[in-house]
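> The primary structure of each chain is shown beneath.
Number of protein chains: 2
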Amino acid sequence: MDLREAQIEIQRGLRKKLVLIAGPCAIKYKGRAGSKIGEGERLILIKRDGTFLVHQNTGFKPVNYQPPGTRVSVKVENEENKRLVLKARRREPRELIKVTMPEVHWVQNLELKDDEQIDVYGTERELADMLMDDLSVIEEDLKAKNKECPLPQGDIDIFAEDKEGNYVVIEVKRNKAGLKAVTQLKRYTDQVKKSKNKKTRGILCAPGITDKAKNHLEKEGLEYSVLDFEIEDFDSASIKGLRKKQKGLTEFN
Amino acid sequence: MDLREAQIEIQRGLRKKLVLIAGPCAIKYKGRAGSKIGEGERLILIKRDGTFLVHQNTGFKPVNYQPPGTRVSVKVENEENKRLVLKARRREPRELIKVTMPEVHWVQNLELKDDEQIDVYGTERELADMLMDDLSVIEEDLKAKNKECPLPQGDIDIFAEDKEGNYVVIEVKRNKAGLKAVTQLKRYTDQVKKSKNKKTRGILCAPGITDKAKNHLEKEGLEYSVLDFEIEDFDSASIKGLRKKQKGLTEFN
DNA sequence: GCGATCAGCGGCACG
DNA sequence: CGTGCCGTTGATCGC
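Line order of the protein sequences matches chains A and B.
The first sequence begins at 971 in the numbering used here and counts up by one.
The second sequence begins at 971 in the numbering used here and counts up by one.
What the hints contain is simulated information worked out from the structure, not anything from laboratory work.
There could be a bad hint or two in this list.
A pair holds if it fits inside one copy or across any two, identical chains being indistinguishable in the list.
As the list claims (entries may be wrong) - With a Cα cut of at most 25 angstroms, we get these calculated DSS-like pairs of lysine-lysine:
#1 Lys1146 x Lys1000
#2 Lys1168 x Lys987
#3 Lys986 x Lys1045
#4 Lys1164 x Lys1184
#5 Lys1189 x Lys1068
#6 Lys1006 x Lys1083
#7 Lys1210 x Lys1006
#8 Lys1156 x Lys998
#9 Lys1182 x Lys1166
#10 Lys998 x Lys1210
#11 Lys1164 x Lys1189
#12 Lys986 x Lys1057
#13 Lys1068 x Lys1083
#14 Lys1083 x Lys1052
#15 Lys1164 x Lys1150
#16 Lys1115 x Lys1210
#17 Lys1168 x Lys1182
#18 Lys1166 x Lys1083
#19 Lys1057 x Lys1000
#20 Lys1156 x Lys1184
#21 Lys987 x Lys1146
#22 Lys998 x Lys1031
#23 Lys1133 x Lys1210
#24 Lys1083 x Lys998
#25 Lys1000 x Lys1210
#26 Lys1068 x Lys1000
#27 Lys1150 x Lys1182
#28 Lys1052 x Lys1068
Every value quoted in this text rests on a predicted model; they were computed, and no experiment measured them.
When you get a sec, could you build the whole thing from the sequences and use the hints?
What follows is the structure, encoded as structure tokens:
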């Protein structure tokens, strides 16, 4: 494909359509880090919003990329030895990707009409909300106090009180918990304990926990509670042992 | 485009080429979490290695995806109301994406020849290695002991000894350090202190640190040292104040 | 805007 | 394999 034609076609698509470019290219990047990769055939995607992605023929992640908001330029350089040069610039942080293409296999501009937004369920937030409605699966007679709590409740998933009136900080994890989760819970628990000057327990609620994390947790005087949940076929997750209504069941009302 | 044709073309490309599909689709996902999104026009990429990506017309990340190793099937369903159905299955964990397309705008199979691998510089590892050659930028008379140290050195970036013979654990961060970095350093430092039963300092070496992290760090008796580095135009990063040779300068030998 | 944390995180390196 | 942790992490939410 002629480089001039390619340039024109790409320019026609930039900021309006999804631009796809295939062909050999070499790439340099400089910004928060730096990278270079020699010539190879790749697929370049440029979205309306400035998202810039270069994909190799294998691998999950783009080999080079720039997030939304990037400004892209395209030109043909070098009279004798022509090359198409794409530059994807961004400021704050200042970053630049330079893609040099000795030839272009093809260019395609796509108009993709799509107003839909994805709905994800089984997130940590959703699980925590469900738990808050019925903490008995963790321990009997726990009362959620998130709403009325006069605390830096910002980061704490669930703040509760046990039947003896102790404060309880509950950290919910949707994956197996590791050391990070334990130190995190410790920090929150200490913070509450100190600021309220009252006995405060910390409970890590996750589907699993690594051995090292379990040791560390017990050494710190924290507790662990299994979170047994499932992803449902429809539009929610469900926690085993929960008594209160779950999202999916309210549809009959 | 006829759905049968589309199916045949896609099947021809699967596991051999990079398959691109554009058109309206609705998607459901169920696995570690679950998601659904109503019908909209999107771009689907399927790589030789099983990587499965669905991109909307904006946004950095694929709206739905499956990592390398996924097995993809394609068929035409429903005699009266035909739909092309793509399924991307994976086990361990067991996950499934189902893409339903009432029509297909186009399909393209690309052969991308590419043996190159990206070379990234300015990573934390590279910065730590450079620092180890000359720790004076952190403090005079620090001696790196990583090689000869008989330690759980697994996670520690740099293990050193100061001029008074104390152990020094140095954690290097390429970004501004937050609370996480402090608790991490604390864990390592405690571990060394306990296992060696010897006075051990902990130094966090990063280009910046948040206020809260600084407070927490000082409260824990740890130290902070500025890491001032730059990304060079060629193939390395450079740390300001470093005395020893830097990577880029060795090329003249 | 900064800061802390989640993510279907993905990827790697090490035990 | 699991476990831990970096990442040009990106995305989100609270301040």
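> Against each hint, give a clear statement of whether it holds in the structure.
Tested hints:
1. Lys1146 x Lys1000: between (36 angstroms within a copy, 19 angstroms between copies)
2. Lys1168 x Lys987: For Lys1168 and Lys987, the Cα distance exceeds 25 angstroms both inside one copy (59 angstroms) and across copies (63 angstroms).
3. Lys986 x Lys1045: For Lys986 and Lys1045, only the intra-copy Cα distance (18 angstroms) is at most 25 angstroms; the inter-copy one is 32 angstroms.
4. Lys1164 x Lys1184: both (24 angstroms within a copy, 19 angstroms between copies)
5. Lys1189 x Lys1068: neither (52 angstroms within a copy, 45 angstroms between copies)
6. Lys1006 x Lys1083: The answer is between: 18 angstroms across copies meets 25 angstroms, while 35 angstroms in one copy does not.
7. Lys1210 x Lys1006: Close across copies (23 angstroms), not inside one copy (50 angstroms); limit 25 angstroms.
8. Lys1156 x Lys998: neither (43 angstroms within a copy, 38 angstroms between copies)
9. Lys1182 x Lys1166: between (30 angstroms within a copy, 19 angstroms between copies)
10. Lys998 x Lys1210: For Lys998 and Lys1210, only the inter-copy Cα distance (23 angstroms) is at most 25 angstroms; the intra-copy one is 51 angstroms.
11. Lys1164 x Lys1189: both (19 angstroms within a copy, 14 angstroms between copies)
12. Lys986 x Lys1057: within (17 angstroms within a copy, 30 angstroms between copies)
13. Lys1068 x Lys1083: between (29 angstroms within a copy, 20 angstroms between copies)
14. Lys1083 x Lys1052: between (35 angstroms within a copy, 21 angstroms between copies)
15. Lys1164 x Lys1150: both (21 angstroms within a copy, 20 angstroms between copies)
16. Lys1115 x Lys1210: within (22 angstroms within a copy, 51 angstroms between copies)
17. Lys1168 x Lys1182: between (28 angstroms within a copy, 23 angstroms between copies)
18. Lys1166 x Lys1083: neither (53 angstroms within a copy, 63 angstroms between copies)
19. Lys1057 x Lys1000: within (11 angstroms within a copy, 38 angstroms between copies)
20. Lys1156 x Lys1184: both (13 angstroms within a copy, 18 angstroms between copies)
21. Lys987 x Lys1146: neither (41 angstroms within a copy, 36 angstroms between copies)
22. Lys998 x Lys1031: Classified as both; 17 angstroms inside a copy, 22 angstroms across copies.
23. Lys1133 x Lys1210: within (23 angstroms within a copy, 58 angstroms between copies)
24. Lys1083 x Lys998: Between copies only: 19 angstroms across chains, 32 angstroms inside a chain, cut-off 25 angstroms.
25. Lys1000 x Lys1210: Cα proximity of Lys1000 and Lys1210: across copies only (18 angstroms, versus 49 angstroms in one copy).
26. Lys1068 x Lys1000: within (9 angstroms within a copy, 38 angstroms between copies)
27. Lys1150 x Lys1182: both (11 angstroms within a copy, 18 angstroms between copies)
28. Lys1052 x Lys1068: within (15 angstroms within a copy, 44 angstroms between copies)
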